[in-house]
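Numbers 1 to 511, taken from this note's numbering, label the letters of the sequence shown in order.
Derived by calculation from the structure, the hints in this document are not laboratory data. Note that CB positions come from ideal geometry on N, CA and C, so glycine has one too. It is possible that some hints are incorrect.
[What the hints assert, rightly or not] Taking lysine to any residue pairs in the SDA-like style, the calculated list, with each CA pair at most 25 Å apart, reads: (1) K79 / D350; (2) K79 / G300; (3) K88 / V301; (4) K180 / E73; (5) K23 / G55; (6) K23 / Y51; (7) K244 / V301.
[Stated by the list, open to error] If you anchor each label on the Cβ, the simulated ranges turn out as follows: (8) Y375 / Q59: 45 to 51 Å; (9) Y375 / L434: 21 to 27 Å; (10) W249 / P446: 25 to 31 Å; (11) A335 / P160: 47 to 53 Å; (12) G439 / G163: 46 to 52 Å.
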Amino acid sequence: MAAPSVAEANHELKWAKTIDHTKCIGCHACTTACKSENEVPLGVTRTYVKYVDVGVFPQAHRAFQVTRCNQCEDAPCAKACPTAAMHKRPDGIVDFDKSICIGCKACIAACPYDAIFINPEDHSAEKCNFCAHRIDVGLEPACVVVCPTEAIMVGDLNDPTSGVARMVDREPVTVRRPEKGTLPKLFYKGARQVTLDPIAAKRPGGGLFMWSEQLTGTQRVVSGHPGENNSSAAAVLSYDVPHKAPWDWRVSLYTWTKGVAAGAYLVPLLILMMGGIGPDDPLWVWVAPIMAGIGLALTGVLLIWDLEHPERFYMLFTHAQWSSWLVRGGFIIGAYSAVLGLHFLGSVLDVPDIRRLLILPGFFLAVMTSVYTAYLFAQSKGRDMWQNPLLVPHLLIQSLMLGAALLLVFAPRGMSSVTGHLHWMLQITILIHLALVMGEVSMPHPTAHAKLATQEMIAGRFGGFFWVGILMVMVGLAAPWLGVAVVPFVAVGLFAHEHAWVQAGQSVPLA
1 MAAPSVAEAN HELKWAKTID HTKCIGCHAC TTACKSENEV PLGVTRTYVK YVDVGVFPQA
61 HRAFQVTRCN QCEDAPCAKA CPTAAMHKRP DGIVDFDKSI CIGCKACIAA CPYDAIFINP
121 EDHSAEKCNF CAHRIDVGLE PACVVVCPTE AIMVGDLNDP TSGVARMVDR EPVTVRRPEK
181 GTLPKLFYKG ARQVTLDPIA AKRPGGGLFM WSEQLTGTQR VVSGHPGENN SSAAAVLSYD
241 VPHKAPWDWR VSLYTWTKGV AAGAYLVPLL ILMMGGIGPD DPLWVWVAPI MAGIGLALTG
301 VLLIWDLEHP ERFYMLFTHA QWSSWLVRGG FIIGAYSAVL GLHFLGSVLD VPDIRRLLIL
361 PGFFLAVMTS VYTAYLFAQS KGRDMWQNPL LVPHLLIQSL MLGAALLLVF APRGMSSVTG
421 HLHWMLQITI LIHLALVMGE VSMPHPTAHA KLATQEMIAG RFGGFFWVGI LMVMVGLAAP
481 WLGVAVVPFV AVGLFAHEHA WVQAGQSVPL A
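Build out the structure end to end from the sequences listed, making use of the hints.
Quick look at the structure:
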């Protein structure tokens with residue numbers, strides 16, 4: 001059989017890395033070499049060593065874990081990136097291109113290993129990329145070169161003669177969080193469960209580690225757990241690097257404004273279809289497109305504001321990477337904006353046929369505007385609480401709730417048929433929303449991560465937002481008696497719930 005050509009060999013190359021924790025001494029040489037080679041600023045790291053103290057004195061020892069990007073074969077960060085700034089090379093290395101990164105942080109949310117961060121100096125996403133610039137000229141990554149015990153090794157996983165392939169094929173190795181289905185190409189030999197599982201070890205009290213602060217807060221995520229029960233051994237986390245939750249209150253508010261944009265159009269449209277209002281009613285002719293347009297404009301402002309590179313927002317369209325739901329959502333919002341603009345134009349020109357022709361596309365795009373965020377959150381494979389199959393109908397219900405509440409302000413006084421439709425729609429959607437929330441928090445959770453996130457939402461850092469949101473939304477059930485007085489309660493209450501849900505989903509450590 002003829003030997004493969006150079007081109008064929010390069011095409012089949014698959015870089016992988018092994019870390020032998022029976023040799024690792026936790027010296028941090030890999031961390032410092034990585035920082036020096038890649039000019040990584042203080043405060044962030046591409047690679048670091050986690051320490052866990054296992055056992056009870058005097059039968060105790062320290063376990064290490066070299067923590068970095070897993071170079072996944074099925075990389076969720078690359079799928080979620082809207083511009084393909086985060087991408088997988090033909091040789092299997094997951095690399096990044098800072099020149100087209102918009103700083104949306106979708107890759108950070110998608111990574112199940114907390115391996116990606118925003119560089120505070122250039123505001124672009126980065127992570128370990130195997131020192132690809134060294135690989136391309138035949139050199140080994142900086143961490144491999146400096147490791148004093150030769151615990152780190154890189155090689156071609158498809159070459160059975162390489163050291164990496166021999167270790168993976170013949171030795172007992174493991175990967176982090178295999179249940180996520182990302183097929184990591186970073187293999188650990190001799191690593192302990194208390195280091196591989198980010199919530200296995202107890203977090204020490206006092207907000208301190210061995211030689212650093214834990215830096216806890218609503219936006220900070222630290223490995224370990226504060227309780228007494230360990231999943232695999234008596235273990236205490238003694239050193240770790242905290243991570244920052246990627247999405248802040250702007251994303252929470254964005255889900256709310258998007259709900260307004262969808263609900264303000266869907267509710268009058270549904271009432272029109274049921275015969276509650278006529279095709280020339282002001283609620284449908286004027287209020288629906290204007291209120292929905294304002295909600296959509298605010299949504300766009302929040303989306304751009306949340307970017308680390310807001311001046312590059314246009315790359316969502318010019319460098320669109322279609323597996324990203326951020327891109328798909330951008331085009332859905334763009335098409336919905338066109339429908340709202342045409343509806344308003346038809347009202348200004350007094351051409352009812354334009355509005356009639358927009359009913360079907362308007363209904364479809366309003367629904368998609370409401371629910372596409374469910375798929376965006378679902379791309380965050382490490383956020384177990386967000387992997388909820390009921391999130392699509394829940395977001396639609398929330399949009400209808402917001403639309404029915406806010407439209408009470410504009411419903412003509414004295415038209416009991418219109419306000420009656422809005423009242424019963426508001427009451428029904430509130431009841432469904434409460435039922436879905438109670439099911440979400442009371443049913444057994446499929447994973448420990450989902451359970452911890454739910455506890456953070458209802459009794460932890462975000463419990464105040466959650467319960468205030470529930471109580472304020474319940475005031476909306478009195479809409480037939482209190483009228484427009486319920487509007488601020490429902491609006492603010494639903495935002496409080498959204499904020500608790502979005503932030504709690506990011507509160508469980510992944511590294």
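Verification of the hints:
For the suggested pair K79 and D350, the alpha carbons sit about 45 Å apart, so the restraint of at most 25 Å is broken. Distance check on the hinted pair: K79 and G300 sit about 22 Å apart at the alpha-carbon level, within 25 Å; holds. Straight-line distance between C-alpha atoms of K88 and V301 comes to about 31 Å, which puts the hinted pair past the 25 Å bound. At roughly 12 Å between alpha-carbon atoms, K180 and E73 fall within 25 Å of each other, so this suggested pair holds.
The suggested pairing of K23 with G55 holds, with an alpha-carbon distance near 20 Å, which does not exceed 25 Å. Restraint check: the Cα-Cα separation between K23 and Y51 comes to about 15 Å, which is no more than 25 Å; the hinted pair holds. For the hint linking K244 to V301, the alpha-carbon distance of about 23 Å falls within 25 Å, and the restraint holds. Under the hint 45 to 51 Å, the C-beta atoms of Y375 and Q59, about 49 Å apart, fit the expected range.
For Y375 and L434, the Cβ-Cβ distance of about 24 Å falls inside the hinted range of 21 to 27 Å, so the restraint holds. One distance hint, 25 to 31 Å for the beta-carbon pair W249 and P446, holds here, with the actual separation near 28 Å. Between A335 and P160, the C-beta spacing of about 51 Å keeps the proposed range 47 to 53 Å intact. The supplied range of 46 to 52 Å is met by G439 and G163, whose beta-carbon atoms lie about 51 Å from each other.
This entry does not satisfy hints 1, 3, going by the numbered hints stated previously.
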